[in-house]
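4 protein chains.
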Amino acid sequence: MNSERLNIAYIGGGSCNFGWKLIPELANTDLCAMVKLYDTDKTCALANEVIGNNIHDRGNTRGDIVYLACDEAEEALRDADFVILAFEPGTLDEQVSQLHLPETYGIFQTGGENSGLSSVIRALKIMPLCAEYSHMIEHLCPNAWVINLCTPMAECMTVLHNEFTEMKLVGASSDTFAARELIASMVCEKKEISGVRRRDIKTNVMGISGFSWFDDITYEGESLMPMFREYAEKYGDSGYEFRINEYKSNPDADGHRVKFDLFLRFGLIPAVIDRCAAEFCPPWYTKDTKEMAAWKFSPVTVNYRKKMLGDKTSKVKKYMNGDVLPKSADATEVPEMIRALCGGGNLISAVSLPNRGQVENLPAGAIVETNALISRDSVRAVCAGRLPDSIAGLSVRHVYNRAAVVKAFEERDLDIAFNAFLNDPLMTCGLTEATELYREMLSGIRTHLLYYCE
Amino acid sequence: MNSERLNIAYIGGGSCNFGWKLIPELANTDLCAMVKLYDTDKTCALANEVIGNNIHDRGNTRGDIVYLACDEAEEALRDADFVILAFEPGTLDEQVSQLHLPETYGIFQTGGENSGLSSVIRALKIMPLCAEYSHMIEHLCPNAWVINLCTPMAECMTVLHNEFTEMKLVGASSDTFAARELIASMVCEKKEISGVRRRDIKTNVMGISGFSWFDDITYEGESLMPMFREYAEKYGDSGYEFRINEYKSNPDADGHRVKFDLFLRFGLIPAVIDRCAAEFCPPWYTKDTKEMAAWKFSPVTVNYRKKMLGDKTSKVKKYMNGDVLPKSADATEVPEMIRALCGGGNLISAVSLPNRGQVENLPAGAIVETNALISRDSVRAVCAGRLPDSIAGLSVRHVYNRAAVVKAFEERDLDIAFNAFLNDPLMTCGLTEATELYREMLSGIRTHLLYYCE
Amino acid sequence: MNSERLNIAYIGGGSCNFGWKLIPELANTDLCAMVKLYDTDKTCALANEVIGNNIHDRGNTRGDIVYLACDEAEEALRDADFVILAFEPGTLDEQVSQLHLPETYGIFQTGGENSGLSSVIRALKIMPLCAEYSHMIEHLCPNAWVINLCTPMAECMTVLHNEFTEMKLVGASSDTFAARELIASMVCEKKEISGVRRRDIKTNVMGISGFSWFDDITYEGESLMPMFREYAEKYGDSGYEFRINEYKSNPDADGHRVKFDLFLRFGLIPAVIDRCAAEFCPPWYTKDTKEMAAWKFSPVTVNYRKKMLGDKTSKVKKYMNGDVLPKSADATEVPEMIRALCGGGNLISAVSLPNRGQVENLPAGAIVETNALISRDSVRAVCAGRLPDSIAGLSVRHVYNRAAVVKAFEERDLDIAFNAFLNDPLMTCGLTEATELYREMLSGIRTHLLYYCE
Amino acid sequence: MNSERLNIAYIGGGSCNFGWKLIPELANTDLCAMVKLYDTDKTCALANEVIGNNIHDRGNTRGDIVYLACDEAEEALRDADFVILAFEPGTLDEQVSQLHLPETYGIFQTGGENSGLSSVIRALKIMPLCAEYSHMIEHLCPNAWVINLCTPMAECMTVLHNEFTEMKLVGASSDTFAARELIASMVCEKKEISGVRRRDIKTNVMGISGFSWFDDITYEGESLMPMFREYAEKYGDSGYEFRINEYKSNPDADGHRVKFDLFLRFGLIPAVIDRCAAEFCPPWYTKDTKEMAAWKFSPVTVNYRKKMLGDKTSKVKKYMNGDVLPKSADATEVPEMIRALCGGGNLISAVSLPNRGQVENLPAGAIVETNALISRDSVRAVCAGRLPDSIAGLSVRHVYNRAAVVKAFEERDLDIAFNAFLNDPLMTCGLTEATELYREMLSGIRTHLLYYCE
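Chains as they are written, first to last, in the working numbering: chain A, -2 to 451; chain B, -2 to 451; chain C, -2 to 451; chain D, -2 to 451.
Wrong hints could be hidden among the right ones.
Pairs involving identical chains hold if they fit within one copy or between any two copies, as the list cannot separate such chains.
[Claimed, not checked] Once the Cα atoms are required to be at most 20 Å apart in a straight line, the calculated SDA-like pairs of lysine to any residue come out as: (1) 287 <-> 427; (2) 314 <-> 51; (3) 231 <-> 429; (4) 165 <-> 383; (5) 165 <-> 382; (6) 188 <-> 227; (7) 287 <-> 103.
Honestly, the hints are just simulated from the structure, not real lab data.
Next comes chain A alone, as it looks inside the complex (with noise of 0.2 Å):
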């Protein structure tokens, strides 16, 4: 393994959500990098490379990493040996039209990133940046190995791959990680142990990304298929909750009684919240918020998203005051997935790649989950097998909208991604209505849309 300074550029993630999860897990590796964070919000920047230095002056940590906030993206970019990717453009206000104007028409979302009709926008918001991204890099880092964390996932790694062809590029998600803990905790109440984490169950993963379901789980060589299965069917009613109701204030705690009905009907076990997946299939689950209620799962909200982003920035000044960021085992996987693929040893992790085979019946080159072997400057995906015929058939359409809305952004055609958008699977109203729906709804990000009058 390399045991040079590595360049890390660190594109985004300002915003403290991901970086603050990523800067102590850097810290516990044995790592030695410079990572250049570049973020358009530039006090954001300078506020991670204070928070993160502390962390290395303090020592005490296993690696030694130093941050440098940087101006420009070049900067950051510039023979950058992996670059993570983690903007979002626009502001929360800006989201209102995205996540809620469709309410006013009878359709009801749960604020996912990777499907709904707010993915359509998202998607023709960052496109245009990822295509920027991406001739940056092929410019001052072509070699470098890109982790995208942007959402929605399929898209943008389209557009990453499509602009700059030879691109090392893999898609980190911690969609799956929630599913994980499920499992995990019930493992730990059904065995009467404790201590079981997230990393000890292994799972064979495989989907279209952000919608990826588990067809075995294990736990120290033991099958966990037949727990799961208990739990469904003694649960599937009345929900499995950690704490009871926390899912009505807390978008990310949930019942689980999606998952468990997902899994009683078409055998496989979802690995994503159950607010995602819902919000992959038609209004099964999301009719109403009566629906949505009844299924024990909350939508976010961009007050909830506001409120969220407040409780952050009242931390920076703590955290840049010499407070240590707390740590949180094992938020992400990225500094494993850059350790392996510096050479230091193989790692089996889920990660979103283009469809090669790994999954079987799911269409050559869409952006699929499936576990990979990484290894020393290779991404290798595990042949994860068949999705059974109902899950393919929920997923496919994904991948053709996915697919409309890359081609929207390179023929610069809005009405290309209205294809998609009339195909979400939360679409329920006539064309008329969806005409003007999709009309407003560009109207709230008209600013982002430039690129596609030119």
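Using the hints provided, position chains B, C and D relative to the given structure of chain A.
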């Protein structure tokens, strides 16, 4: 071309619908055949025997076709050279729940046979019968060519094939006829000529069975795509009606607005009538009766079907008493297909076959409609090309739904079919209501579901 | 069908070979065209101009075809509606090394143009020219239909396509004609009738270009496969000769023993003459001249080609002086193809196209021969089915070899083509000798290899 | 990981070859197992029982493995958790015709088991036995993992699978070990270090079974491809020998010239020893014994095999009398595979499996070798990528040949296997001689061909 008398088994179709088109057409070919008629309603078969032989007895026909009603299907099938399957189980009264019950849940169907919630119900009824016929054909006439007219076409063909994999099977439908007639009319109007017939319009057709598209239409070696675009742009909003407002009372007449809209949106011309195309899409055109009216088409209702049946029944006596069934010049292409299969020259005709590459971007094995080269003892699909991604996206979900319906048959498990029901594009209910609706619709045909209880 | 005068560019073919077949055939159609002739040997083009116009001037023809020899290829190509490519670089003397040098290494070729070591050499010579024409066509007549007759067919078509991907390209060959004529003769003999022509024999054809097979042959709606088996079994050992021992002096005559052997071994009928089929196989039939004689065919030699050329040259003056070129009723199907592409009705004809599924078990993109439906501005392959595994196994190696030859062109790297040379089925040398042989053969055409040195 | 005593059935291998590698290895794991030995030669099985239990009795081992020789295969297989198939029918004397008869026809084989004319003969002998074991496994231990070591690997695995499609089957071979050991040696030499072992060399491997390739090799996170190129260029002509001229007497030693030549020609490193790689190619390296000697390898002969067998037999008594079988540290990876399949952690190992996309450009279903992720009750191939076209071209013909050999088994028709024989790359005879040779070779094993006469 073989000159011995052919044995043609004609199963079902007693309700006059298809038979009355075929009888005069057969008379008009140079075929020499014995047509054995079998229908569960023997009266119908007998009526057709008389009506068919009446034509023969008058002479003045090219063909030498005699008709014989049979008491048992086996009798009709034994040693058949050709088998025409045209049966439909159940009564019109039973169709009330199939066609109209979903309206109470806010779901409006248009009466199509190949899509919509009703097609799931329809398939559940007919698949066990298909399997029975498949077995009989295997034993009584394994070398016969089987021309399927039963619907839903895809499910019927898949079951017929799965149960007797060596069956020489081809699906014939008149789905594309109306669209070609429309185009023929446009040509007459535009060129100020008359006498252009459906068969003068050459097309390249592709798509899943029931939802096929033209990407190339010609008349006397001239492309008509520009002409069609002209009409679509001119009449897209107003509709293009042969008889103003006829669509209000006749579900087979329409203003072609759906066709124009889909063409302008996706680039290909739907090869089916508007209400059928509409039913393959999300509720864009079928949100409610008002939306349908705005698009200038009306759904088929049970009342309408009863009226049609009444009209026909009243004519039976007339034809039995000697009136000659009028020619309907080219209402089907079945006689030409039989002729070509006997070695009477090459025929290019649009048929349904399992996809083996003729539509590049639909799954292998899906029942698709394309042109085929039909010649002595062979039907070979013509490579039709690729569907645009957006149309493929609309189509593939149906492929998976149809697969689920067939699997429900194979595993005698109605829950599997429910997944197709849930995932039908018209389904806009939450899961609770959808479950109720399915139960009620099954209840409406419970006498046909014995097979699934074994 | 368009009634204006068509522009047809005819490139090469000056050596009379193909031109003399085409000229009387064109005269016999109802086409109205200007044929612009270009050949690097202007004398040839001029001779054909005179000979072609002679026919026209005599009247008594259906078509209205005038000929004009051009000084430059560009002149012939500008605004062409159809382009016929029929050129072949190099002299007969140069063919000595190509055809006969391997004999000194114990390798006997039969003179075929689509396989054998010589085809690699042939391809290396012609591919740069194909690329030039491709570029000219792109600029001068991008909408023209290009009918390729140059060989090796697969390499030429792939280069033509790769260099101008929008080219409307179809490969026409007379490869299958002799086999159909043989079958027509068998029918006459067997049925004691006369006048059965090649075009009366309907076939389903499939295989890689140059090595295609019939799995279905009919005459007037009757399968001839049983008849062919009878002949194969009866004449498999003795051969079936029209004129006893003609094969000894005429490489285009043969005893059909190879065809019979391959048919009995693999189940399909080779659609090409024996010496061509033999050359696609390991040295089963071509081990040495004795083996070839035992199988009743003889190879094409340079001496034979010179003699043929001499014969033709001596006739040129005669035809230029007014003798009318005799009809060779259906020596090609090019005029029919042109007619069909102009909208003059459907044509089913065997052509070479990139595989898009028409032969199920050959790789996508490989140039394959199957029937196609040719109609106004479109050529669509007919799905021909699957080759038996054993034939696919014999064929696929050629697909890869051809790909290597094309790659050698693209990368201007003769070493890449050496891999195809090494892997040709006739290659029985050790690596040392093979290397020597390749160098010597390249040396024989070194004046044509400038392109590879740039 | 399951802690009960495992049942492992070990079928064949009595000739000490593989068993003597496995026994000490098993002793060295932490497995607890009963190994039931069955061999048609009961003496051998008994010897292995004693030798195996000797090790156990001495203690000082990590594992707890007991051995039991069985009278019947059924006894060994009943309720097995793992089945190791390592049998080989026939005597060494019978191998004379298989290995040496072709020499009289000018065809030189190298003794490989997975290619060459001999592999066809070998397959014909062993396939009926594979089918028998398949049926026994289906009835006696359907849930067992079957680890196949029988050759020819592809044919054996295909038959095993076809006869019991639910079998959990994986092919293990030591094919790639020597190449990795070579690379380990180069690393030691180059870096002037010692102790680098085979397992420290990480590779990406892909290809058909028996003819696989590395496109990526690393040691401690450093790519070794540049180092290998250096060696190939330096030693391509002279060879790189551990012990000068050892290759003359030891067919498992070689000068690596074939590997270097194939690497320089095609870009990937052959993962097998030279004589095996040579036999998958046309007679480039095997034209005659002189050519082989020039490439610095020698073929396996029956005499050599007899000598090896003699050596081993003489040692049996010694080990039975108490001498402990020496460790051969990592002669196989079978114990690790068993451990991983029991849930003892993830293992990445090169195995043979049917292709489901792990090698993109080899046909689906072909038995291919790639890395796999082996974990509790699952073996999942790692997507290895695409072979270069030229290597795919060399490989695919074997896929078809192997399919023909399997078909010969299924249809009990030796003529079908003859097509594979004819199409083997080493075949340079004309058809007449080839036919003779095949008959003679079959005659040499006629006692094993009863199955084909039923």
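- Query: Between residue 287 and residue 427, at a C-alpha cutoff of 20 Å, which is it: within one copy, between copies, both, or neither?
  - Reply: between (23 Å within a copy, 10 Å between copies)
- Check residue 165 against residue 383 for me: Cα-Cα at most 20 Å, and say if that holds within a copy, between copies, both or neither. between (26 Å within a copy, 17 Å between copies)
- Message: Cα distance capped at 20 Å. Does residue 314 pair with residue 51 within a copy, between copies, both, or neither?
- Response: within (13 Å within a copy, 70 Å between copies)
- Query: Is it within, between, both or neither when you check residue 188 against residue 227 at 20 Å Cα-Cα?
  - Reply: Only inside one copy: residue 188 and residue 227 sit 14 Å apart there, 56 Å across copies, limit 20 Å.
- Query: Can you tell me if residue 165 and residue 382 fall within 20 Å by alpha carbon in one copy, between copies, both or neither?
  - Reply: Classified as between; 14 Å across copies, 24 Å inside a copy.
- From the Cα coordinates, with 20 Å as the cut-off, is the pair residue 287 and residue 103 best called within, between, both, or neither? Result: close both inside a copy and across copies, 12 Å intra and 18 Å inter.
- For residue 231 vs residue 429, is the C-alpha pair at or below 20 Å within one copy, between two copies, both, or neither? between (44 Å within a copy, 19 Å between copies)
In this structure, none of the earlier numbered hints is contradicted; all agree with it.
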